[in-house]
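Novice: Sequence:
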Amino acid sequence: MSRNRKLVNQSLELTVNQISVEGRGISSLEGKKVFVFGALENEKVQAKVIRQHSRYLETKLESVLEASEKRVEPICPHFGECGGCQMQHLSTEHQIEHKQKQLSKLLAHAEIVPSEWHETLTGSSTGYRYKARLGVRYVEKKGVVLVGFREAHSNKIVEMNSCAILHPTVGNLIDPLRQLISELAAFKDIPQIEVAAGDKEVALIFRILQPLIQADTDKLIAFAGEHHLSLYLQERGPESVKKIWPNQEETLSYRLMDGAITMHFKPLDFTQINPVINNQMVRQALDWLQVSEHDTVLDLFCGLGNFSLPLAQKAKAVVGVEGDAQMTAKASMNAASNQISNACFYEANLFEDCSKAPWFTIAHNKVLLDPPRLGAAAVVENIEKLAPESILYVSCDMNTFVRDAAVLVHQKKYKLEKVAIMDMFPHTKHIETMGLFVLEK
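Quick note: full-length UniProt numbering has the sequence shown finishing at residue 441, numbered continuously throughout.
None of these hints come from the bench; they were simulated from the model. Keep in mind that a hint or two might mislead.
Said to hold, decoys possible - Pairs of lysine-lysine residues, derived as DSS-like cross-links and limited to a Cα-Cα distance of at most 30 Å, are as follows: (1) K418 <-> K441; (2) K101 <-> K141; (3) K105 <-> K412; (4) K415 <-> K314; (5) K219 <-> K141; (6) K131 <-> K188; (7) K219 <-> K200; (8) K415 <-> K385; (9) K314 <-> K70; (10) K101 <-> K356; (11) K418 <-> K316; (12) K48 <-> K101; (13) K60 <-> K131; (14) K131 <-> K44; (15) K385 <-> K413; (16) K101 <-> K70; (17) K156 <-> K6; (18) K314 <-> K101; (19) K219 <-> K131; (20) K141 <-> K105.
Modelling step: build the complete structure from the supplied sequences, incorporating the hints.
Specialist: Structure, rendered in structure tokens:
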């Protein structure tokens with residue numbers, strides 16, 4: 001292929017030979033990789049080039065000429081345009097198979113052999129998403145307000161009417177929300193809406209660029225009342241979030257352990273987006289760690305206490321550590337509201353060496369890690385100072401999970417006893433992983 005040959009907007013007939021980690025089909029053209037969004041392995045497709053790079057091409061599926069037996073009809077009419085999902089064209093069974101295969105490849109490359117692959121935790125593949133950020137934009141050329149996720153191939157908002165993966169209350173309100181905002185005087189001053197749902201309440205947080213006139217506030221309140229929503233406004237940073245409907249100052253909440261624990265949270269607090277998988281995940285963590293009344297457990301990146309409080313019901317004591325002081329305060333409040341007295345919480349930057357922190361010197365025989373995508377490099381580098389007999393690692397990024405696992409296995413004398421993926425994010429490229437590491441004698 002000539003380096004100067006322009007291919008953008010050209011249509012290509014391609015044979016797909018594999019799928020990338022993100023779920024894109026991979027083909028080749030004259031020695032150059034070609035990524036095809038929406039194509040599956042062993043398919044022959046027609047695709048249009050949308051971006052041309054020096055080493056690869058990005059294309060958009062136009063038609064499937066020869067389909068894979070794994071292909072299914074997407075559940076959403078916006079799939080292919082919307083960037084919220086990447087794998088609706090692949091059956092959920094094969095989505096899980098693909099994700100486990102990707103994790104297995106990474107572990108093998110790092111020369112890590114798990115003793116056991118555990119069965120995948122699964123739940124509903126629709127209506128599961130209880131946290132989301134929806135973009136809002138007025139498109140002057142069309143004279144319409146758009147509400148939804150960004151397009152798969154650009155930063156534009158998708159013109160959508162509903163969403164099958166969102167909490168049903170919100171997923172069915174995309175069109176009414178578009179109509180509502182178009183009727184506001186501030187229709188150009190609302191860039192996004194945050195969605196946060198608990199077990200009993202669904203909240204919408206409208207980000208506003210300037211204070212609303214009373215008529216606009218009244219329309220929002222009327223909409224919230226009609227659709228049984230809690231309504232919040234946010235003028236600046238997270239500290240500016242204010243509840244305006246209903247008047248009660250009740251927080252959102254979700255339950256764990258068959259209702260034995262109630263977790264309270266504010267709309268912008270981090271919580272797992274999939275409550276069904278979260279409940280299964282917490283139970284599996286306790287089962288794998290085999291927590292008893294003799295154990296002292298250290299829960300790092302503890303957040304609101306999602307793992308800490310269930311652990312505390314089984315353990316002698318639990319110490320939770322989180323980098324955000326507000327979150328540790330909320331974790332303490334959740335412990336108190338659930339009459340849990342054997343859990344305490346500390347603030348610390350867990351991306352730095354914390355070996356001199358007072359909580360670090362407490363003898364903990366078991367550790368739970370639930371870090372963000374960056375992983376827990378600083379913790380695993382200093383893990384021999386804690387020397388726990390077992391480590392339960394929950395990860396939302398398989399690359400950093402495998403990176404940290406390699407340190408634990410090859411440098412710190414741990415064995416990967418069990419590993420599993422959890423279908424926390426059906427139809428998307430994201431992978432949630434759980435691994436149990438046991439110190440070798």
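Novice: If a hint holds in the structure, say so; if it does not, say that too.
Specialist: Going through the hints against the structure:
1. K418 <-> K441: holds (17 Å)
2. K101 <-> K141: violated (45 Å)
3. K105 <-> K412: holds (22 Å)
4. K415 <-> K314: holds (24 Å)
5. K219 <-> K141: This hinted pair holds, its Cα atoms lying about 26 Å apart.
6. K131 <-> K188: With Cα atoms ~24 Å apart, K131 and K188 stay inside 30 Å; holds.
7. K219 <-> K200: holds (23 Å)
8. K415 <-> K385: holds (17 Å)
9. K314 <-> K70: violated (43 Å)
10. K101 <-> K356: violated (40 Å)
11. K418 <-> K316: holds (24 Å)
12. K48 <-> K101: Given pair K48, K101 holds - Cα atoms ~28 Å apart, limit 30 Å.
13. K60 <-> K131: holds (28 Å)
14. K131 <-> K44: Not satisfied, since the Cα-Cα distance of roughly 37 Å exceeds 30 Å.
15. K385 <-> K413: holds (13 Å)
16. K101 <-> K70: The given pair, whose Cα atoms are some 15 Å apart, holds under the 30 Å limit.
17. K156 <-> K6: Since the Cα atoms of K156 and K6 sit roughly 25 Å apart, the hinted pair holds (cutoff 30 Å).
18. K314 <-> K101: violated (34 Å)
19. K219 <-> K131: This hinted pair holds, its Cα atoms lying about 24 Å apart.
20. K141 <-> K105: This hinted pair is violated, its Cα atoms lying about 47 Å apart.
Checked against the numbered hints above, the structure violates hints 2, 9, 10, 14, 18 and 20; every other hint is satisfied.
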